[in-house]
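Chemist: Using the sequences provided together with the hints, build the complete structure.
The listed protein sequences derive, respectively, from chains F and D. Okay, so the first sequence: first residue is 31 according to the working numbering, each after it adds one. Okay, so the second sequence: first residue is 3 according to the working numbering, each after it adds one.
Read the hints as simulated data drawn from the structure, not as lab findings. Any given hint could be a false lead.
[To be verified] Below, computed lysine-lysine pairings styled on BS3-like, alpha-carbon distance capped at 27 Å:
(1) F:Lys270 - D:Lys196
(2) D:Lys204 - F:Lys237
(3) F:Lys348 - D:Lys153
(4) F:Lys188 - D:Lys38
(5) F:Lys188 - D:Lys231
(6) F:Lys237 - D:Lys180
(7) F:Lys188 - F:Lys375
(8) D:Lys231 - F:Lys167
(9) F:Lys237 - D:Lys249
Computed from a predicted model, the values in this text were never measured in an experiment.
One letter stands for each residue in the lines below.
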Amino acid sequence: MRILIKNGHIIDPANNIDEVLDILADNGKITDIGKDLSTELDGLDMQVIDATGMVVAPGLVDMHVHLREPGFEYKEDIETGTRAALMGGVTSVACMPNTKPVTDNETVIKYIIERAKEVGYANVYPVGAVSKGLEGKELSEIGEMKFAGAVAISDDGKPVYNSSLMRRAIQYADMFDMRVISHCEDLSLVDDGCMNDGFIASRLGLKGIPNSAEDVQIARDILIAEELSMGVHIAHVSTKGGVEIIRQAKARGVDVTCETCPHYFTLTDEACDGFNTLAKMNPPLRTAEDVEAIKDGLKDGTIDCIVTDHAPHHPDEKMCEFAASANGIVGLETSLGLSLRYLVKEGILTLSELIEKMSYNPSKILGISKGTLGEGKIADITIFNPDEEWTVDISKLSSKSKNSPFDGFKLLGKPQYVIVGGKIMVNQGVIL
Amino acid sequence: MKKQDLLGLRDLSKEEILSILETAKEMKKIIESPVKKAPHLQGKTVINLFYENSTRTRMSFELASKYLGANAANITASGSSVEKGETLEDTVRNLNAMAADIIVMRHNMSGAPHFIAPMVNAHIINAGDGMHEHPTQALLDMFTMMEKKGKIEGLKVAIIGDVYHSRVVRSNIYGLLKLGATVTVGGPSTLIPKDLEQMGVKVFKTVHEAIVDADVVMGLRIQLERQKKGLFPSVREYHRFFGIDDKRLKFAKPDALVMHPGPVNRGVEFSSSVVDCDQSVINEQVTNGVAIRMAVMHLLANHNSFLGGDKQ
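Modeler: Here it is, written out as structure tokens:
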């Protein structure tokens, strides 16, 4: 089956392409990029997409997603989670190991990969747990997980509290060319906190989480990685201090990479006012100062990736007292839209820089061959109009769960066509 | 028509607060009369739903409803919602289904009444939600100040103690500022919430600075049950540096009121002599509490509004 995408604005940072060209995919792979390809071909077994006025980008890669399968399928599963991914233009996801059973051995890794092949709409790359059972005590069988298909390790959901274990994890994962994706949270500083420590928490009578709870572990993990001359990836950066620590570390040559999420550059803790549990997540929404620092970090390259930390939860777990509510929001379907509206349109990132952070950089960090439209590469392609406005209606999300604070937000660039492995999976905004 | 609740003083206007205080004045007469029974809430059902221990506040609400002739009932639920079987939502819906007109709710989590109020027809009165608000306490505090000082506007009110965990202080800040008082707070740094000044108050690290020239000195209970972590080293140290004794009281105005939401830890927030001195109005606060609660319940059940006068 062949697909010809005509006249689209190809943005492919991996190959330094940023111009209007045609692109041809055949039998699952990209075979040709160039001007006016159509004149050279006949129409047999060919689907043509007219991408005039639209951006044609490598399929987005979200390296921080919770698919909840196995074990929490009432919130989301591999099928619905990957459908939600496609609706957001994401063709590859890395899924976190806080499943049930925990993804801390090759059996669960294999299960996830097989299940994704069976029912998945997008490519699924499992992240293995750092520690057995996510208990933070013993290393899990990281080597076996790598050979079963894991692309990184993380105890996400939880921090690795014991510094010695973190050090060993970085060393050990390095042997297998994997990074630790570190969820940085000093639990003793978090104490009983359930939102950012600041005026809003004080007025609502909620215990606050200071920025230092995140920053001290970011610093710790960077210093450990530096000492070992190995790499580490900092998950969901949300603080001004964190960005600065990472910036300085990069400047002196430490191999640290990091990611942030759209909510950390679009919302502040004010969204929690009125006890809004849809604004409750971990790390928490911070202040306007932190939001500006995140944007600065994206702009100057300190922050490498934009991910969603897609965290589906059942209404019973969100619609309750604030302190008892589960942490997290869904994000796969709004990530591109938020990024276009609040980063590209505001002049903080160019389209090319955005695609780099949402596609190419995560692929490099995970060591997967995605995020590129190079000839011979598998055809994972996302096509969207970056100027087309659309309004978020959370009742219509493809995810099983609808816990998003962005209901009613006017965003840009809903993906019109999404191609996975050379097959058109989303056609004119509708999943096939 | 939109249902009126009393969730916090953040939501009330100056006029509404003054109206409640006016109504409470009338209600106090009923308490002080030999026959403590009036018909305002006859045929109405008031249920106390207390998730936290409390004898005083619950008794105050229960008596208030009975003085006005209501069908009164108490429930002590334990634990929080999701963790312990029936959810808060289901519990409250159950009570609502039994035709409760008013549900008085005390809960250990901030925002609990705000969460359930839209779900039921019954008027919700917040009797204290976590560290957030305790509106009837602040109303009775203001009622007491109004009674003794004749006005609230221009008063300097100093609130001393564990401000961080106190729902009493937050409600008082909202109410007092709306009525034109100035509020200063003082306490150990570990017990002052971040950016509290943004609520419009002055924050001090020593008790002297906070109570200088105060018209009202309010002590907050050192809430031992909320401090498993020891945010200050010892009760003795707290009293030495932040307790108010006769000497420290002299920094305030000579006719300053001494107030406390109770129960008092004698020798901690206040020395015993301060608790019992002539300036202390702690006992009258308790009486006024019943009157305020009567006023609030009457206005909600019979008028669905805090404005709208009263007198039945």
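Chemist: Compare the structure with each hint and give your call.
Modeler: Verification of the supplied hints:
1. F:Lys270 - D:Lys196: This hinted pair holds, its Cα atoms lying about 18 Å apart.
2. D:Lys204 - F:Lys237: holds, 21 Å
3. F:Lys348 - D:Lys153: At roughly 44 Å apart (the allowed maximum being 27 Å), D:Lys153 and F:Lys348 break the hint.
4. F:Lys188 - D:Lys38: Judged against 27 Å, a Cα distance of about 58 Å means the pair is violated.
5. F:Lys188 - D:Lys231: Holds, at roughly 22 Å.
6. F:Lys237 - D:Lys180: Answer holds: F:Lys237 to D:Lys180 is near 25 Å, not above 27 Å.
7. F:Lys188 - F:Lys375: Since the Cα atoms of F:Lys188 and F:Lys375 sit roughly 34 Å apart, the hinted pair is violated (cutoff 27 Å).
8. D:Lys231 - F:Lys167: Holds - the C-alpha atoms of F:Lys167 and D:Lys231 are around 25 Å apart, at most 27 Å.
9. F:Lys237 - D:Lys249: violated, 34 Å
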